[in-house]
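Trainee: The listed protein sequences derive, respectively, from chains R and V. Count along the first sequence from 1, add 45, and you get the number used in the numbering used here. Count along the second sequence from 1, add 813, and you get the number used in the numbering used here.
Since the hints were made in silico from the structure, they are not lab data. Treat the hints loosely; a few may be bogus.
[Said to hold, decoys possible] With a cut-off of at most 16 Å between alpha-carbon atoms, the simulated EDC-like pairs for lysine to aspartate or glutamate come out as follows:
1. R/Lys70 / V/Asp1028
2. V/Lys884 / V/Glu839
3. R/Lys318 / V/Asp829
4. R/Lys254 / R/Glu276
5. V/Lys950 / V/Glu916
6. R/Lys70 / V/Glu839
7. V/Lys1050 / R/Glu58
8. R/Lys70 / V/Glu889
9. V/Lys950 / V/Asp1028
[To be verified] Take a look, some chain V residues computed to stay more than 12 Å from chain R by CB distance:
10. Lys826
11. Ala832
12. Gln843
13. Leu864
14. His903
15. Arg936
16. Asp942
17. Gln994
18. Val995
19. Leu1083
20. Arg1092
[As the list claims (entries may be wrong)] Taking CB as the label site, the calculated pair distances span:
21. R/Val297 / V/Met1005: 38 to 46 Å
22. R/Gln290 / V/Glu1064: 53 to 61 Å
23. R/Lys229 / V/Glu838: 50 to 58 Å
24. V/Glu838 / R/Arg285: 47 to 55 Å
25. V/Lys950 / R/Ala54: 17 to 25 Å
26. V/Asp933 / R/Gly271: 32 to 40 Å
27. V/Asp1082 / R/Gln290: 48 to 56 Å
28. R/Arg304 / V/Val995: 41 to 49 Å
29. R/Asp141 / V/Ala993: 46 to 54 Å
30. R/Phe278 / V/Ala993: 27 to 35 Å
31. R/Thr240 / V/Ile1091: 55 to 63 Å
Note that CB positions come from ideal geometry on N, CA and C, so glycine has one too.
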Amino acid sequence: MVQIPTNTALLRELLTGFIRNEVQKTGLTRVVVGLSGGVDSALSAMLAAEALGAKNVLALLMPYKSSHPDSLAHAKMLVEKSAIESLFVDISPQVDAYFERFPDADTRRRGNKMARERMTILYDHSAHWNGLVLGTSNKTELLLGYGTIYGDMASAINPLGDLYKTQVWALAAAIGVPEVIVAKVPSADLWLGQTDEGELGFTYKEVDKLLYLMVDQRYTRAELLGAGFPERFVDDVAQRIMTSQFKRRLPVIAKVSQRTIDRDFRYSRDWGK
Amino acid sequence: MTLRVAIAQINPKLGDLAANLALYEEKIRQGIKERAEFLLFPELSLTGYFLRDTVPSVALTTNASELQILKKLSRELPLVAGLVEESADHRFFNSAIYFEGGEIRHVHRKVYLPTYGMFDEQRYFARGDRVRTFDSKFGRLALLICEDLWHPSTIYLAALQGALAVLCPSSSPLRGIVDAQVQDDNARYWEMINRAYAETYSLFMIYGNRCGFEDGVGFWGGSEIVDPFGQRIAKGKYYEEDFFVADVALESVRRKRTMSPLLRDEDIDLTINELMRIRERPAGAKTVQANKTPKLKKVKKSKPRSRKR
Chain R
46 MVQIPTNTAL LRELLTGFIR NEVQKTGLTR VVVGLSGGVD SALSAMLAAE
96 ALGAKNVLAL LMPYKSSHPD SLAHAKMLVE KSAIESLFVD ISPQVDAYFE
146 RFPDADTRRR GNKMARERMT ILYDHSAHWN GLVLGTSNKT ELLLGYGTIY
196 GDMASAINPL GDLYKTQVWA LAAAIGVPEV IVAKVPSADL WLGQTDEGEL
246 GFTYKEVDKL LYLMVDQRYT RAELLGAGFP ERFVDDVAQR IMTSQFKRRL
296 PVIAKVSQRT IDRDFRYSRD WGK
Chain V
814 MTLRVAIAQI NPKLGDLAAN LALYEEKIRQ GIKERAEFLL FPELSLTGYF
864 LRDTVPSVAL TTNASELQIL KKLSRELPLV AGLVEESADH RFFNSAIYFE
914 GGEIRHVHRK VYLPTYGMFD EQRYFARGDR VRTFDSKFGR LALLICEDLW
964 HPSTIYLAAL QGALAVLCPS SSPLRGIVDA QVQDDNARYW EMINRAYAET
1014 YSLFMIYGNR CGFEDGVGFW GGSEIVDPFG QRIAKGKYYE EDFFVADVAL
1064 ESVRRKRTMS PLLRDEDIDL TINELMRIRE RPAGAKTVQA NKTPKLKKVK
1114 KSKPRSRKR
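One chain only, chain R, in its complex shape:
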């Protein structure tokens, strides 16, 4: 039986320390975070509030007209509970204005567009409010490529990027994210009735166990099959990780000089900090 460790007391200490350290290094004291009403952004925001103080966290609530009303209600609930700053920006006008030119766009295009509109609003307020954009993508999503590149995947610092969804749930419950947010079915809420697990074709609980063994514990394919995972499931997940690698990297640069950014021009991001 695979048991993903969820030492919530330690994770809480490490991740608040991470946020405090990495924000202060930049000379800033604040963060900006998009609050969707889901568990990931709720956890990110609460960790930041604990690390930096509630007044130093600005939550942006950015629904589209078709977003589920519960999403906004849950985001508001989180704002109230954690006493963080908040701002409401309805993204419907800017999204609709664009798709008037492309009325035949499918739900995928529309969903990605919404995610990227939210990103531009976050970065606008990052500059305006002097706060770093706080990421909310978890390790499961990042590995599966289940996110919009330059959309919800964009951030300056991300406390959740090394946590599987299973760990996000455990930590969210421990840190006091309202039960209704922790317990609800995960959804990108890009169209009515959409659920992550419905779209992916497997549950987070199942895939987290597989990813934990495959990635963290370096199990081979044969070992994964031996551990009882179905062959198609293992291959599908391995394929998803490979094909989404581009989302986890900087753009590919054509090398022509002696020193090329990120190839033989290598500096840490915290260079000089």
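We have chain R already, so just place chain V on it with the hints.
Mentor: Just chain V now, with coordinates in the frame of chain R:
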């Protein structure tokens, strides 16, 4: 003799020598104020750890002007600094330097440069090629840097050369979450080997680790001093800055070695002979039958060792 040891568990700025020198000076002054007799700084704490291409920019030769202040302050408080040391032929070493009485008394160049997983040290640093002890005014000491100690041969060599205490500057990153454990799994492992080494080799382990984050990688702090009986006599906080002073009763090494004279009984010739045989035929090589074992020159049996203490 009793030695008042201080450990500065700091969070240096990555690639900012001036800022880190100022931080060093502040901590040395604090050590002097708290009547410490020796101060340990972590690995690469004068420069930061994930230096990558900044290594040549922050490298210092042992006569660099930046080190004059440390030399001067070492008249009042002997100390170990962790920095990038540049040799005359322009190789860059991950070094720890022991300062005492206004001068450099010992330089240890890290011999085991981790280059796997999250580490890339051999890409940027040259590898040290010796493990030596040195005589300080407190007695014989050894300096080993972080990963060096993950290779038991280094502490074995230090112990056989008469070290009463091993000073270990470290930049050890936190990793591995385990249920029902207050620290991460790397911290647990370090605490286990510090204790095991101290007890096995009947010496003090003086371990100074840094804290803070660099590009999302956190360092777990938790600096500590373990006595030859395996008892932890001082401990820094996990994951945050700290500074502590503790009395190290060096005479307890004698008591422990009297009770369990393991080092006295260590058979160096046995080890050397077996190592020479292993060098001829490493573990991965095809096994040969006993009667076909090639003849190897044996090391002459040495005279009984007399080690100055």
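Trainee: Please go over all the hints and tell whether each is borne out by the structure.
Mentor: Verification of the hints:
For the hint pairing R/Lys70 with V/Asp1028, the CA-to-CA distance comes to about 10 Å; that is within 16 Å, so the pair holds. Restraint check: the Cα-Cα separation between V/Lys884 and V/Glu839 comes to about 15 Å, which is no more than 16 Å; the hinted pair holds. For the suggested pair R/Lys318 and V/Asp829, the alpha carbons sit about 8 Å apart, so the restraint of at most 16 Å is met. This hinted pair checks out: R/Lys254 and R/Glu276 have alpha carbons roughly 15 Å apart, not beyond 16 Å.
Under the criterion of a C-alpha separation no larger than 16 Å, the hint pairing V/Lys950 with V/Glu916 is consistent with the structure, at around 13 Å. Proposed proximity of R/Lys70 and V/Glu839 is contradicted: the alpha carbons are some 20 Å apart, above 16 Å. Between the alpha carbons of V/Lys1050 and R/Glu58 the distance comes to roughly 12 Å, so the proposed pair stays at or under 16 Å and holds. In summary, the hint linking R/Lys70 to V/Glu889 is not supported, as the alpha carbons are separated by about 33 Å, beyond the 16 Å threshold.
For the suggested pair V/Lys950 and V/Asp1028, the alpha carbons sit about 40 Å apart, so the restraint of at most 16 Å is broken. Non-interface call for V/Lys826 relative to chain R: violated, since the shortest CB-CB distance, roughly 6 Å, does not exceed 12 Å. At roughly 9 Å, the least C-beta separation between V/Ala832 and chain R is not larger than 12 Å, which violates its mark as non-interface. With a least beta-carbon separation of about 22 Å from chain R, V/Gln843 lies farther than 12 Å from that chain, consistent with its non-interface assignment.
Some Cβ of chain R comes within 12 Å of the Cβ of V/Leu864; the nearest lies about 8 Å off, and the non-interface call is violated. Every Cβ of chain R is farther than 12 Å from the Cβ of V/His903; the closest lies at roughly 19 Å, confirming the non-interface assignment. A beta-carbon of chain R is positioned within 12 Å of the beta-carbon of V/Arg936; the least distance is around 9 Å. Consistency note on V/Asp942: stated as away from chain R, and its beta-carbon is indeed over 12 Å from all of that chain's, at 26 Å minimum.
Some Cβ of chain R comes within 12 Å of the Cβ of V/Gln994; the nearest lies about 7 Å off, and the non-interface call is violated. For V/Val995, the shortest C-beta to C-beta distance to chain R comes to about 7 Å, within the 12 Å cut-off, and the non-interface label is violated. With 12 Å as the threshold on Cβ separation, the claim that V/Leu1083 sits away from chain R holds: the shortest Cβ distance comes to roughly 37 Å. The claim that V/Arg1092 is not at the interface with chain R holds, since no C-beta of that chain comes within 12 Å of its own (minimum 31 Å).
A hinted range of 38 to 46 Å holds for the C-beta pair R/Val297 and V/Met1005, which are about 43 Å apart. Under the hint 53 to 61 Å, the C-beta atoms of R/Gln290 and V/Glu1064, about 59 Å apart, fit the expected range. At roughly 54 Å, the beta-carbon separation of R/Lys229 and V/Glu838 lies within the given 50 to 58 Å, and the hint holds. Remark: the range hint 47 to 55 Å for V/Glu838 to R/Arg285 is upheld by a beta-carbon distance near 53 Å.
Taking the beta carbon of each, V/Lys950 and R/Ala54 are about 44 Å apart, not inside 17 to 25 Å as hinted. Checked against the hint of 32 to 40 Å, the C-beta distance between V/Asp933 and R/Gly271 comes to roughly 33 Å, which is consistent with it. For V/Asp1082 and R/Gln290, the hinted distance range of 48 to 56 Å is satisfied, since their beta carbons lie about 54 Å from each other. Range check, R/Arg304 to V/Val995: Cβ separation about 44 Å, and the 41 to 49 Å hint holds.
Separation of R/Asp141 from V/Ala993 is about 52 Å and conforms to the stated range, judged on CB atoms against 46 to 54 Å. For R/Phe278 paired with V/Ala993, a C-beta distance near 30 Å keeps the hint of 27 to 35 Å intact. Taking 55 to 63 Å as the suggested C-beta distance range, the pair R/Thr240 and V/Ile1091 conforms, at roughly 59 Å.
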